[in-house]
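J.: Going by this note's numbering, the sequence shown opens with residue 1, and the numbers climb by one from there.
Hints are not guaranteed to be accurate.
Pair by pair, the computed Cβ-Cβ distance ranges are [said to hold, decoys possible]:
id: 1; residue 1: Arg17; residue 2: Ile91; range: 44 to 50 Å
id: 2; residue 1: Leu124; residue 2: Lys67; range: 23 to 29 Å
id: 3; residue 1: Val30; residue 2: Phe57; range: 32 to 38 Å
id: 4; residue 1: Thr79; residue 2: Gln14; range: 21 to 27 Å
id: 5; residue 1: Gln52; residue 2: Val94; range: 35 to 41 Å
Mimicking BS3-like on lysine-lysine, the simulated pairs with C-alpha atoms at most 25 Å apart in a straight line are [what the hints assert, rightly or not]:
id: 6; residue 1: Lys118; residue 2: Lys95
id: 7; residue 1: Lys48; residue 2: Lys37
id: 8; residue 1: Lys58; residue 2: Lys95
id: 9; residue 1: Lys41; residue 2: Lys27
id: 10; residue 1: Lys19; residue 2: Lys48
id: 11; residue 1: Lys48; residue 2: Lys78
id: 12; residue 1: Lys61; residue 2: Lys48
id: 13; residue 1: Lys48; residue 2: Lys27
id: 14; residue 1: Lys67; residue 2: Lys37
id: 15; residue 1: Lys61; residue 2: Lys27
id: 16; residue 1: Lys78; residue 2: Lys67
id: 17; residue 1: Lys37; residue 2: Lys61
id: 18; residue 1: Lys58; residue 2: Lys27
id: 19; residue 1: Lys58; residue 2: Lys37
id: 20; residue 1: Lys41; residue 2: Lys61
id: 21; residue 1: Lys48; residue 2: Lys58
id: 22; residue 1: Lys95; residue 2: Lys61
id: 23; residue 1: Lys58; residue 2: Lys78
Treat the hints as calculated values from the structure; they're not laboratory data.
The C-beta atom is built at its ideal place from N, Cα and C for all residues, glycine as well.
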Amino acid sequence: MLTGQEPSVYYPEQLRRIKYADPETGKIYVFLTNNFKLGAKVIADLYKSRWQIELFFKWIKQHLRIKAFYGTSENAVKTQIWSAISVYVLIALVKKRLNLDITLYTFLQILSVSVFEKVDILQLVTNSAGTIESTYTDNQLNLFDL
Numbered sequence: 001m002l003t004g005q006e007p008s009v010y011y012p013e014q015l016r017r018i019k020y021a022d023p024e025t026g027k028i029y030v031f032l033t034n035n036f037k038l039g040a041k042v043i044a045d046l047y048k049s050r051w052q053i054e055l056f057f058k059w060i061k062q063h064l065r066i067k068a069f070y071g072t073s074e075n076a077v078k079t080q081i082w083s084a085i086s087v088y089v090l091i092a093l094v095k096k097r098l099n100l101d102i103t104l105y106t107f108l109q110i111l112s113v114s115v116f117e118k119v120d121i122l123q124l125v126t127n128s129a130g131t132i133e134s135t136y137t138d139n140q141l142n143l144f145d146l
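Could you build the full structure based on these sequences and the hints that come with them?
T.: The following block contains the structure:
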């Protein structure tokens, strides 16, 4: 993007190129910044911290099912994230206490489907799918046996 005859068209300000070698992995990273006051190590550390924030939000999207934030203020976003994390931790604790062999995702799916039913949690997860279905289909007409 910034190479060619007229790179200033894309970004008119001066940029600084920083090359950083990670001592742990040996990988070389190249960063572009418009900050000329901070040292190269500080810039590299800032990018590393930013990447940790990106990974945190990726984890939130994958595990907490936050599709959209209901508010735009800092307090609203923090409240929604903390509420979702609290629910996630509570469900993980219940799963551990009950020594369940199902994944946390499956456990959350079972709970979300049966959230308004008055059924013991242990009974929900120990019943087989067929047993659960049979309790609901006894009152149903069979469509194909007319």
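J.: Please go over all the hints and tell whether each is borne out by the structure.
T.: The hints, checked one at a time:
1. At about 47 Å, the CB distance of Arg17 to Ile91 agrees with the hint of 44 to 50 Å.
2. Checked against the hint of 23 to 29 Å, the pair Leu124 and Lys67 passes, with Cβ atoms roughly 25 Å apart.
3. At about 24 Å, the beta-carbon gap between Val30 and Phe57 misses the expected band of 32 to 38 Å.
4. A hinted range of 21 to 27 Å is violated for the C-beta pair Thr79 and Gln14, which are about 41 Å apart.
5. Checked against the hint of 35 to 41 Å, the pair Gln52 and Val94 fails, with Cβ atoms roughly 29 Å apart.
6. Proximity of Lys118 to Lys95 is assessed by CA-CA distance (about 18 Å); at most 25 Å being required, the pair is judged to hold.
7. Using a Cα cut-off of 25 Å, the hinted pair Lys48 and Lys37 holds, with the two alpha carbons roughly 18 Å apart.
8. For the hint linking Lys58 to Lys95, the alpha-carbon distance of about 23 Å falls within 25 Å, and the restraint holds.
9. Of the supplied pair hints, the one linking Lys41 and Lys27 holds, its CA atoms being roughly 15 Å apart against a limit of 25 Å.
10. Between the alpha carbons of Lys19 and Lys48 the distance comes to roughly 14 Å, so the proposed pair stays at or under 25 Å and holds.
11. Proposed proximity of Lys48 and Lys78 is supported: the alpha carbons are some 22 Å apart, at most 25 Å.
12. Distance hint between Lys61 and Lys48 is fulfilled; the C-alpha atoms sit about 20 Å from each other, no more than 25 Å.
13. Annotation: proposed proximity of Lys48 to Lys27 holds, straight-line Cα distance about 13 Å (limit 25 Å).
14. With a CA separation close to 38 Å, the supplied pair Lys67 and Lys37 exceeds the 25 Å bound.
15. With a C-alpha separation of about 28 Å, the suggested pairing of Lys61 with Lys27 is violated against the 25 Å cut-off.
16. Under the criterion of a C-alpha separation no larger than 25 Å, the hint pairing Lys78 with Lys67 is consistent with the structure, at around 15 Å.
17. Among the hinted pairs, Lys37 with Lys61 is inconsistent with the structure: their alpha-carbon atoms are about 35 Å apart, more than 25 Å.
18. The straight-line distance between the Cα atoms of Lys58 and Lys27 is roughly 23 Å, inside the 25 Å bound, and the hint therefore holds.
19. Of the pairs offered as hints, the one joining Lys58 and Lys37 is violated, with about 31 Å between alpha carbons and a cut-off of 25 Å exceeded.
20. With a CA separation close to 30 Å, the supplied pair Lys41 and Lys61 exceeds the 25 Å bound.
21. At roughly 15 Å between alpha-carbon atoms, Lys48 and Lys58 fall within 25 Å of each other, so this suggested pair holds.
22. Restraint check for Lys95 and Lys61: the C-alpha separation of about 21 Å stays at or below 25 Å, so the hint holds.
23. For the given pair, Lys58 sits about 16 Å from Lys78 by alpha-carbon distance, which is consistent with the 25 Å threshold.
Going through the hint list in order, the structure does not satisfy hints 3, 4, 5, 14, 15, 17, 19, 20.
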